[in-house]
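With these hints in hand, go ahead and build the complete structure from the sequences.
Spelled out, the chains give:
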Amino acid sequence: MVSYAQTNVQLFDQLRREGYSNEEIACVRNAYEVAMRLFTGLFLPSGKPFLDHLVGTASILVALRAAVEVVAAGLIHAAYFRGDFGSIRTTISKAKREEIKNSVGAKVEEVVAGYDAMDWNSKSIPALRDNVDKLDRIDRYVLLIQLANELEHRMDFADLYSDSAERLQRYTERYLPSMIDMAHGLGFPSLAAELAQTFREAASGEIPIEARSRSNQPRSYLIPPNSYCMRRWISVGQECVSGVHRLRAALRLRTRFRRFVDRFAH
Amino acid sequence: MDRYAQTNLQLFNQLSREGYSNFDLACIRNAYELAIRLFTGYYIASGRTEIAHTVGAASILGSLRLPAPVVASGLIHNVYGNGDFGDGGYGVAAARREQVRNAVGKDVEEYVYRFPALKWNAKTISAIRDSLDPLGEIDRHVLLIRLADQLDHHRSLGGFYYHGGVESCREHITRNGHLTVETAENLGFPALAAELARVSRETLLAEIPVELLDPIARARSRIIVPRSYRRRLPVALRQKLIRRLRASRFASLVGRIPCV
Numbered sequence: 001m002v003s004y005a006q007t008n009v010q011l012f013d014q015l016r017r018e019g020y021s022n023e024e025i026a027c028v029r030n031a032y033e034v035a036m037r038l039f040t041g042l043f044l045p046s047g048k049p050f051l052d053h054l055v056g057t058a059s060i061l062v063a064l065r066a067a068v069e070v071v072a073a074g075l076i077h078a079a080y081f082r083g084d085f086g087s088i089r090t091t092i093s094k095a096k097r098e099e100i101k102n103s104v105g106a107k108v109e110e111v112v113a114g115y116d117a118m119d120w121n122s123k124s125i126p127a128l129r130d131n132v133d134k135l136d137r138i139d140r141y142v143l144l145i146q147l148a149n150e151l152e153h154r155m156d157f158a159d160l161y162s163d164s165a166e167r168l169q170r171y172t173e174r175y176l177p178s179m180i181d182m183a184h185g186l187g188f189p190s191l192a193a194e195l196a197q198t199f200r201e202a203a204s205g206e207i208p209i210e211a212r213s214r215s216n217q218p219r220s221y222l223i224p225p226n227s228y229c230m231r232r233w234i235s236v237g238q239e240c241v242s243g244v245h246r247l248r249a250a251l252r253l254r255t256r257f258r259r260f261v262d263r264f265a266h
Numbered sequence: 001m002d003r004y005a006q007t008n009l010q011l012f013n014q015l016s017r018e019g020y021s022n023f024d025l026a027c028i029r030n031a032y033e034l035a036i037r038l039f040t041g042y043y044i045a046s047g048r049t050e051i052a053h054t055v056g057a058a059s060i061l062g063s064l065r066l067p068a069p070v071v072a073s074g075l076i077h078n079v080y081g082n083g084d085f086g087d088g089g090y091g092v093a094a095a096r097r098e099q100v101r102n103a104v105g106k107d108v109e110e111y112v113y114r115f116p117a118l119k120w121n122a123k124t125i126s127a128i129r130d131s132l133d134p135l136g137e138i139d140r141h142v143l144l145i146r147l148a149d150q151l152d153h154h155r156s157l158g159g160f161y162y163h164g165g166v167e168s169c170r171e172h173i174t175r176n177g178h179l180t181v182e183t184a185e186n187l188g189f190p191a192l193a194a195e196l197a198r199v200s201r202e203t204l205l206a207e208i209p210v211e212l213l214d215p216i217a218r219a220r221s222r223i224i225v226p227r228s229y230r231r232r233l234p235v236a237l238r239q240k241l242i243r244r245l246r247a248s249r250f251a252s253l254v255g256r257i258p259c260v
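As they're listed, the protein sequences go chains L and U. Under my numbering, read the first sequence as residues 1 to 266, first letter to last. Under my numbering, read the second sequence as residues 1 to 260, first letter to last.
Misleading hints may appear alongside valid ones.
To be verified - The following label-pair restraints were derived from C-beta to C-beta distances:
hint : chain 1 : residue 1 : chain 2 : residue 2 : range
1    : L       : Ala26     : U       : Ser221    : 21 to 27 Å
2    : L       : Ser122    : U       : Asn121    : 56 to 62 Å
3    : L       : Arg248    : U       : Pro116    : 51 to 57 Å
Derived by calculation from the structure, the hints in this document are not laboratory data. Glycine residues also receive a C-beta, built at the ideal position from the N, C-alpha and C atoms.
Below, the structure is given as structure tokens:
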């Protein structure tokens with residue numbers, strides 16, 4: 001299993017070894033500063049800091065000699081759905097996009113927004129695999145980040161530390177062939193080989209139960225510093241938004257139920 | 001990429017390979033879980049997370065095949081200096097010690113408690129090197145934790161990433177590098193001594209592009225708080241009061257302010 005950078009210092013060393021210019025390294029450094037602010041205190045279910053995962057993703061992209069805007073976007077790829085912008089809204093917005101643009105430039109932001117827009121599920125994965133050749137430049141970058149993200153999530157037997165080994169087995173059987181095809185389609189056979197090896201190793205590894213994380217979190221979670229608490233207006237705002245979502249879902253359910261009853265009545 | 005771990009996953013993989021028992025791993029996992037609660041949001045001068053640094057120090061101790069409580073204490077070695085206990089206080093306190101003991105046990109806490117007491121600066125290093133014989137086992141282990149801490153900081157060029165840091169870091173190594181190496185040798189860890197010597201040599205020759213330097217000089221750790229969060233009012237008030245008292249002639253009253 002190849003070892004990739006997990007800290008900013010390792011990533012900067014790798015960038016220098018791979019021959020990226022000082023201006024390009026400065027661009028990645030700016031993206032790292034943004035990542036520090038947006039993902040501070042966030043952890044993966046395995047207990048690994050989210051920031052380390054982002055650095056790992058960027059490191060995989062560096063190893064593939066990707067363009068600097070792709071590497072920088074890899075460092076903040078989850079900005080619009082996991083980043084804490086200090087606002088009530090948890091999805092992408094104009095203000096958030098503007099903020100990212102001002103910090104890392106329009107080119108990088110375009111890729112990050114593309115990542116947020118690209119669906120990655122049972123329907124979209126086969127469609128993406130069949131249409132790799134038809135993707136535009138940004139979507140090809142986004143797909144490359146998506147594959148680097150998948151690879152990084154499987155490194156160091158991460159799934160086994162979060163008790164999701166069975167889920168990984170099913171996921172591997174279902175999607176690994178498509179991901180390998182996509183990596184080939186993008187022109188990265190080394191990434192395809194790395195995905196195949198890492199997924200198989202991750203699925204066959206064993207970790208003692210004593211080393212596993214006890215967080216029991218199904219997805220990434222925040223551990224705020226003990227001296228801090230959530231701003232009142234944000235917690236109230238988020239409660240209101242989730243209340244509205246619950247109400248909408250209940251109304252939708254009621255409408256469906258009525259239609260169902262009507263159909264039977266007729 | 002690196003022979004020492006930087007994440008919990010790499011650390012546990014390493015310790016499993018090195019033959020630590022499941023009981024040992026559970027002890028070290030408890031320490032890691034405490035570390036992420038107390039160091040969350042903290043970054044060292046280079047921008048690396050405090051957690052990555054403590055994992056690095058623990059990984060060095062694990063590579064020396066030291067007992068599990070020593071490796072576990074490597075994960076939380078500076079908790080009384082930089083850890084956020086949420087009490088608005090500083091340093092070692094009875095309530096804090098109790099919290100750490102409950103999480104990781106008495107043995108581990110004893111190492112962590114003694115760590116800040118071992119002063120490590122230009123004046124004390126040579127004295128420590130010359131007086132290793134009377135040290136008990138716990139103090140020898142605490143000294144090893146200090147050396148692992150130093151090695152991890154220098155290995156990642158921790159002092160290089162802020163303006164003015166390169167000179168002070170090189171000066172420190174030129175003055176004290178050989179003392180650190182000799183201390184490791186005298187403690188009976190030639191592999192650690194060789195590693196310290198190698199890293200010292202590399203650090204003296206290393207260069208960092210100016211683009212990577214932090215424009216703000218900060219030699220110490222800093223906290224970056226999630227933007228949706230604010231400091232709790234009692235903590236803010238207590239810290240403000242402490243600052244005011246320290247600046248006044250009533251500085252001796254600081255210790256009497258109850259924790260929040």
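Here's how the hints hold up against the structure:
no., hint, in the structure
1, L:Ala26 <-> U:Ser221: 21 to 27 Å, "holds (24 Å)"
2, L:Ser122 <-> U:Asn121: 56 to 62 Å, "holds (59 Å)"
3, L:Arg248 <-> U:Pro116: 51 to 57 Å, "holds (54 Å)"
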